[in-house]
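A.B. asks: Protein chains in written order, with my numbering: chain A, 32 to 193; chain B, 17 to 415.
The hints are simulated quantities; they were obtained by calculation from the structure and are not laboratory data. Hints may contain errors.
Said to hold, decoys possible - Chain B regions said to be covered by chain A (calculated; three or more residues, Cβ under 8 Å): (1) 68-74; (2) 109-118; (3) 251-259; (4) 340-348; (5) 352-364; (6) 370-376.
Stated by the list, open to error - Below, simulated DSSO-like cross-link-like pairs (lysine-lysine); rule was C-alpha separation at most 30 Å, straight line: (7) B:Lys-212 with B:Lys-201; (8) B:Lys-369 with A:Lys-91; (9) A:Lys-91 with B:Lys-314; (10) B:Lys-109 with A:Lys-91; (11) A:Lys-91 with B:Lys-74.
Note that the Cβ used here is the ideal one computed from N, Cα and C, for glycine as well.
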Amino acid sequence: MSILDTLLKNHPTSILDSYRFRGDQTAVIAPASLMPVVDSLASQDFHFLVDVTAVDWFGKTEHQTRFEVVYHWLNLGSQERLRVKVRLQENEYLPSLAIRFKTADWYEREVYDMFGIHFEGHPNLTRLLTWSDFPGHPLRKDFPLDGGDPFCMSDSTSPFTH
Amino acid sequence: MDSIAITKTQLDGDRMIINMGPSHPVTHGTLRIVLELQGEIITHATPEIGYLHRGVEKLGENLSYQQFIPLTDRLNYTSSMMNNVGYTMAVEKMLGISIPRRAEQIRILVSELARIADHIICLGINAVDIGAFTAFLYLFRQRETVYDLFEMAAGQRLHTSFTRVGGLFRDLPPEFIPLCEQFLKDAPKAIDELEKLLTKNPIWHDRTKGVGALSVEEAINWGYSGPCLRACGLAHDLRVKQPYLGYDQYEFDIPVGTSGDVFDRYLVRVEEMRQSLRIIRQVIKTLESGPIIIDDYKIALPPKEKVYTRMESLIHHFKLIMHGMEMPVGEVYSSTEAANGELGFYIVSDGGKNPYRIRVRPPCLPIFSSFETKVKGRLIADAVAELGSMNVIAGELDR
Numbered sequence: 032m033s034i035l036d037t038l039l040k041n042h043p044t045s046i047l048d049s050y051r052f053r054g055d056q057t058a059v060i061a062p063a064s065l066m067p068v069v070d071s072l073a074s075q076d077f078h079f080l081v082d083v084t085a086v087d088w089f090g091k092t093e094h095q096t097r098f099e100v101v102y103h104w105l106n107l108g109s110q111e112r113l114r115v116k117v118r119l120q121e122n123e124y125l126p127s128l129a130i131r132f133k134t135a136d137w138y139e140r141e142v143y144d145m146f147g148i149h150f151e152g153h154p155n156l157t158r159l160l161t162w163s164d165f166p167g168h169p170l171r172k173d174f175p176l177d178g179g180d181p182f183c184m185s186d187s188t189s190p191f192t193h
Numbered sequence: 017m018d019s020i021a022i023t024k025t026q027l028d029g030d031r032m033i034i035n036m037g038p039s040h041p042v043t044h045g046t047l048r049i050v051l052e053l054q055g056e057i058i059t060h061a062t063p064e065i066g067y068l069h070r071g072v073e074k075l076g077e078n079l080s081y082q083q084f085i086p087l088t089d090r091l092n093y094t095s096s097m098m099n100n101v102g103y104t105m106a107v108e109k110m111l112g113i114s115i116p117r118r119a120e121q122i123r124i125l126v127s128e129l130a131r132i133a134d135h136i137i138c139l140g141i142n143a144v145d146i147g148a149f150t151a152f153l154y155l156f157r158q159r160e161t162v163y164d165l166f167e168m169a170a171g172q173r174l175h176t177s178f179t180r181v182g183g184l185f186r187d188l189p190p191e192f193i194p195l196c197e198q199f200l201k202d203a204p205k206a207i208d209e210l211e212k213l214l215t216k217n218p219i220w221h222d223r224t225k226g227v228g229a230l231s232v233e234e235a236i237n238w239g240y241s242g243p244c245l246r247a248c249g250l251a252h253d254l255r256v257k258q259p260y261l262g263y264d265q266y267e268f269d270i271p272v273g274t275s276g277d278v279f280d281r282y283l284v285r286v287e288e289m290r291q292s293l294r295i296i297r298q299v300i301k302t303l304e305s306g307p308i309i310i311d312d313y314k315i316a317l318p319p320k321e322k323v324y325t326r327m328e329s330l331i332h333h334f335k336l337i338m339h340g341m342e343m344p345v346g347e348v349y350s351s352t353e354a355a356n357g358e359l360g361f362y363i364v365s366d367g368g369k370n371p372y373r374i375r376v377r378p379p380c381l382p383i384f385s386s387f388e389t390k391v392k393g394r395l396i397a398d399a400v401a402e403l404g405s406m407n408v409i410a411g412e413l414d415r
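Could you build all of it, start to finish, from the sequences and the hints given here?
C.D. replies: See below:
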């Protein structure tokens, strides 16, 4: 039984959508069900959090929520992979996984830096790649490719406010 | 800001703040570590990264799939071949195509050469950082040969851009195989010499043993992959566990360590170089003849002579350059075993000419994120050894 089927069986209501494409399994969930799903994955030997990233669907009307935070998990025993996507509105928070997966610490900082998505309970949610007073979040789709001005010093997109 | 807090502690008695980097010989690129010292003991180490952040992922969203290939060269620039291979494999997975066997074999061949070059840099420079200069010189002669081979194959030594979606940019020239065979004869000798210099060297043992030791569970929790994870004792290698490009047809072993310290990582990398040579030997022996790029002009450019002589090929060429490939809507994550660990590409396509989102999962970012916990309470000299053996490449770390 694949992990996607197991999740669908154990969390029938929290999985909003699920699909397989080119051998990749994807489960889409709401922010509130992230922790239960992570618990469930841990009990199925998914201990390796490979990657955390996000996608900005700004201006795409077919998507009701602006962001998707994407987690990639790997089961080191069966070598099965699973992608968990969490749909998120612009001002929604997501619980941080940094306590359980140390690797999530920097990944979440990077997502915060690049997309302005907040992770609740993160020990040190500061920018990772850009400097602390950098205006805006570069990987948002409304951030201009050239950064607005040569030194990215002016407000090119409205920064996320608490 | 952090820097203000640092000046406060600077005034505080015998504590000392040392800036390692942004430009320091051991940082291998541009990264900064603020070390807080009590005597020679590190009490805090705050890594500051992003000095080499070029916005590769943002640029990728505005380039076509083929145009992104040169940017992958600049991720881990010590083994750019493997980044080329990893990226084009992700696009091929998205398209759902398979490439000709010869192209696969040549990809394996250059990937393993790149792995050797990468390990040479990592080991050689790690040794230089610790104070053993000779090993570096012995190995760099071999690295020179690898780069000569890359120059023959791709026309470039460092920024190779050798792969194309659906295959390769061009076939290997006839003089490639003889030089590669010569390399196969010389490289084991150089690796033996390296081992003679270091493996039983008591100074090397003192500097590396026990430094940065880590359990397997901890390493997985930190997101370790590649030689650093294998040095902890877990035989996880994507070439074997999730075979791609037909790696399963070749015989090779996965070396593992026991404690995960700098010494074990050194041993794992040395043995991996030997195993890579073993793979290269088998690839050369079984190298098939045939095309090196897929015969589908909606994905790969038609050959130049056809473009100039046939109307249909000219149209294909024009369409491919101007409008790009016909991409399916969807998302894929494709990962390969790069020299440093799992190199992943996550591509989201909305069917357009450019990827909607392209994400590079750099192998050294999770490894480097554990730096502070690993050097805390240790000597400043251990930080140098640890940083070198983590093989942090700033181009890939910051993207």
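A.B. asks: Give a verdict on every hint.
C.D. replies: Hints, verified against the model:
For the segment 68-74 of chain B, the stated coverage by chain A is satisfied: 4 residues place a CB nearer than 8 Å to a CB of that chain, which reaches the threshold of 3. With 3 residues bearing a CB less than 8 Å from a CB of chain A, the segment 109-118 of chain B meets the requirement of three and the coverage assertion stands. As drawn, the segment 251-259 of chain B meets chain A at 3 residues by the rule of a beta-carbon pair under 8 Å; at three or more, the given contact holds. Only residues whose C-beta sits within less than 8 Å of a C-beta in chain A count toward coverage, and the segment 340-348 of chain B has 3 of them, enough to reach three; the restraint holds.
Counting residues of the segment 352-364 of chain B whose beta carbon lies closer than 8 Å to any beta carbon of chain A gives 4, which reaches the threshold of three, so the coverage claim holds. As drawn, the segment 370-376 of chain B meets chain A at 3 residues by the rule of a beta-carbon pair under 8 Å; at three or more, the given contact holds. Taken as a hint, the Lys-212 of chain B and Lys-201 of chain B pair is honoured in the structure, with Cα atoms around 18 Å apart against an allowance of 30 Å. Restraint check for Lys-369 of chain B and Lys-91 of chain A: the C-alpha separation of about 17 Å stays at or below 30 Å, so the hint holds.
Using a Cα cut-off of 30 Å, the hinted pair Lys-91 of chain A and Lys-314 of chain B holds, with the two alpha carbons roughly 27 Å apart. Between Lys-109 of chain B and Lys-91 of chain A, the direct Cα distance comes to roughly 25 Å. Compliance with the 30 Å bound is thereby established for this hinted pair. Between the alpha carbons of Lys-91 of chain A and Lys-74 of chain B the distance comes to roughly 18 Å, so the proposed pair stays at or under 30 Å and holds.
The structure agrees with every numbered hint stated previously.
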